[in-house]
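Asker: Going down the list, the sequences are from chains H and Y.
Numbering-wise (this note's numbering), the first sequence opens with residue 16 and increments by one.
Numbering-wise (this note's numbering), the second sequence opens with residue -15 and increments by one.
A hint or two may mislead.
To be verified - Straight-line alpha carbon distances no greater than 16 Å define the calculated EDC-like cross-link-like pairs of lysine to aspartate or glutamate that follow: (1) H:Lys136 to H:Asp186; (2) Y:Lys48 to H:Glu459; (3) Y:Lys48 to H:Asp457.
Simulated from the structure, these hints should not be mistaken for lab results.
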Amino acid sequence: MHPPALRPTASQLALAVTGAGGSGAVTAGLILLEAVAAAGLQGLLRRSAGPQIRGGESAALLRFGPDPVLCAGDRCDLLAALDWDNHARFADEIPLDKASLVLADPAAGALPDAVVASGAKVRHMEFRANARQRSGGRANMVAVGALGALAGLPLRALLDGAARTLGAKGDAVVSGAQACIGAGHALADPADLLRETCDIDPHPRVRWHINGNEAAGLGALRAGVRFVAAYPITPASEMLEWLAPRLERLGGTLLQAEDELASVNMLIGSAFGGVPALTATSGPGLSLMLEGIGLAVASETPIVVVDVMRGGPSTGIPTKSEQSDLNAALYGLHGDAPHLVLAALDIADCTHTVAWAVRLAWRLQTAAIVLSDQSLGQSRAVCEPVAPDLRRPAGDATALRGPLLASDAVYRRYAVTADGISPMSVPGETGRTYTADGLEHDPEGTPSSRAADHATQLDKRQRKLMTFDFGPDWAEILDGDHDPAQADAGLRLCLLSFGALRGAVVEAAERLRADGWDVRSIALRLLAPLQCEALRAAIGQALVLVVEQNHGAQLFHYLHAEQALPAAARSLARPGPLPLRPGEIVAAAAQLLAEDPHARA
Amino acid sequence: MHEPSDQSLEAASPPRPSGKPQAQRGKQAQPTPPAREPSARQPSPRHRASIPSLRAQIYKSHIKPVWCPGCGHFGVLAALTKTLAHLELPPERVAVVSGIGCSSRLPAYLAVHGFHGLHGRALPLAAGLKSARPELTVIVAGGDGDGFSIGGNHFLHACRRNQDLTYIVMDNEVYGMTKGQASPTTQPDWCRSKLTPQGTGIRRFQPAAIALAAGASFIARGFAGAPAGLTRLLAAAIEHPGFAFVHVLSPCRTFRPEQQHWKQQVHPCELEPAQDLAQAAALMQRDDGMALGILFRQRIPVYAAGVAPITEQALRQIAAHSGALAEIEAELCR
């Protein structure tokens, strides 16, 4: 057969609203996402903004359909431009083609060259003039009505979305917006409809309306985190802001630290006191925290740091996504410092992965770094909820903090045990006082520079990670509709990714399977300790393409260093800030399949 | 290199005697009594009688300090164990958190909960512990390099946060553990470090004045060579609601042998502790750095946000998916 061609994902539609700062593009996106939810559909709303505090340009990018929305997709079906100011900055992020439809306000001036060159159909719509005719009218709301109509969203759902999104601003704002949405809805030419108009779902399923930062915060609360130390940083701040009032409702607290050097040490203090603690940061903050994370490893104090990755190095591209902190998370600590590194696979999975990380950190008395990124943290999904975990939270006095060895005459905080996990007391427990130490120490915690103590404690700290059974959650392995028992036999290609790239990879794998290829997607959730045996087994004899969003192919090199990959494995690594598109992955996979003499389907 | 003159530097900041025993204090005209044996200011008889010195032993661990013979830090250790005994604090309800340096070795020598953490980061670690466990008595200890150089930012913010912590800085004006480099409190013309053979040329950090400016609500100065007075100060600091900073002059026998003369140079603070900022600022202006006692004490709101103990009821609610967490979950649904 021929290598697979690029195919549109027929059931999903991608919309974009762009405009200058203050034009309300993001608000328009939020209302459309509410309408998607009301229609019983699922959606993914990304936002793109420059670094400006106020002003500057912004874009809302919505993809929706009846099934879970995995990623940004390849193209934009429908664009409404509130104006053309700075459109050039978005041109790359909103791929238009001949099948695209562009709604342009003639008052905004001439079409940019890039839009003309795309060959997209253009419909002129007077957003501003229509808004001006209505009290409190705004052009973005007229655009919502027109976009919603062309995207097949019911008017009632759009009006309801406006009420939900703008309700806090008062009735006058809501009614003004609704009048404009109605006007915009009437502007749409039924001949241009991109999708059959659906109805409001009379029996809506319970869906999450959540962004990745909120989802990660929820995972922390579920697992028992009650102390958060915070230093603001884009794009992680929303997680901290979401947590602050909710921690208070649960009897917990958030402390705004003077810097990340402080926040990571505050976590260690809290965990030493027996209270599960977490912080969220991004690349620059992670760099400042690394010494503290090493202290958590050496003193065997459980802490969790969520790194919402952005373009790096240095200040980089703070508002846009990249997966380039993997090396820092894996290798940033000095000394031999085994620790946990996890990555959330999608917005809802932020809840699962962060909760798992908190529990693992406490079970294994070490530091966990959870990698999220801007594309998860600041994107909002309407999606299936992740069921709550009803186990007792980590840090609970009855939870697993290692056995208190009654047989010992003296309390040995760092006792050498078969599984490497030692009894951890917390202040208040009589007769079990000890001094936690970043200095190497003997089993009692007494500082020691003896070779034997160093080797014993290094072994113990490594053993507890290497011998622990992490179960099946280390990766998500998908074979499509293939019978899993048969999947290994004909397997041609594994698409291997970590974290947020999972969505684009799964979508690419689906397209390849539709073209007759036996493709497996493997998305790594646990990056350290790497589950090497299981990964090699999952790959088998198949070709491998490692897909990641960074310049240095960090995952590819890591997996090679761990001897987890066959020598012929290939890398598809591209830096941010543009999302890696499923079409790119399909194209790279097709080339790999075409070159392989044994892989003809 | 800029050659600092003693005068130009010391004129702009309150002087403390140079380590040289023959050095003169800058402001002899003060109405302070001549330097006396600091033990002249003893705790009140009632106070003294209530310190059962033997009981202090239960706060000591079996670990032998790494400190040099004659190190001032022995005096601080003794004063601290006496203070804990005097306050009758159960060892398991006390945590001592430190950074890195000679003085930061303190927690291992105590039989309370301890954390010997990172260089300069004792204060934030203690802040996290106190937030998580507000009922604990949390004491932070370290040296001048740890607290005022690498940890200087945390010092400022701990002062202004006014969380209920006691911070003991054992100041010997030198980095001892790394074998004798100049610290922020070293005289600018101290030339005995290979790292700064011409002296640092940098004005000295003024711990008490900076603590005052940063908003600390309790500032005291003690002397390691006067453990009884220090015990009294530490007890007052621990009992003070809010951030209590105790600046302890703690001589380094090995790298700053001239500090043995501190015993003759320290003197009691001439006034009752200042209660308001203007009074305290005036006192700091006249401070020669050797005045012992409580320099400033003010009742201001304490940073008290902390974690409530998790109850059995809360655990049951989590297991039944009800209660506050279930409400938060429901708010995310649509």
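Asker: Now look at each hint and say whether the structure bears it out.
Answerer: To see whether the hints hold, each was checked on the structure:
no., hint, verdict
1, H:Lys136 to H:Asp186, "violated, 37 Å"
2, Y:Lys48 to H:Glu459, "holds, 14 Å"
3, Y:Lys48 to H:Asp457, "holds, 15 Å"
The structure fails hint 1 only (numbered hints given earlier).
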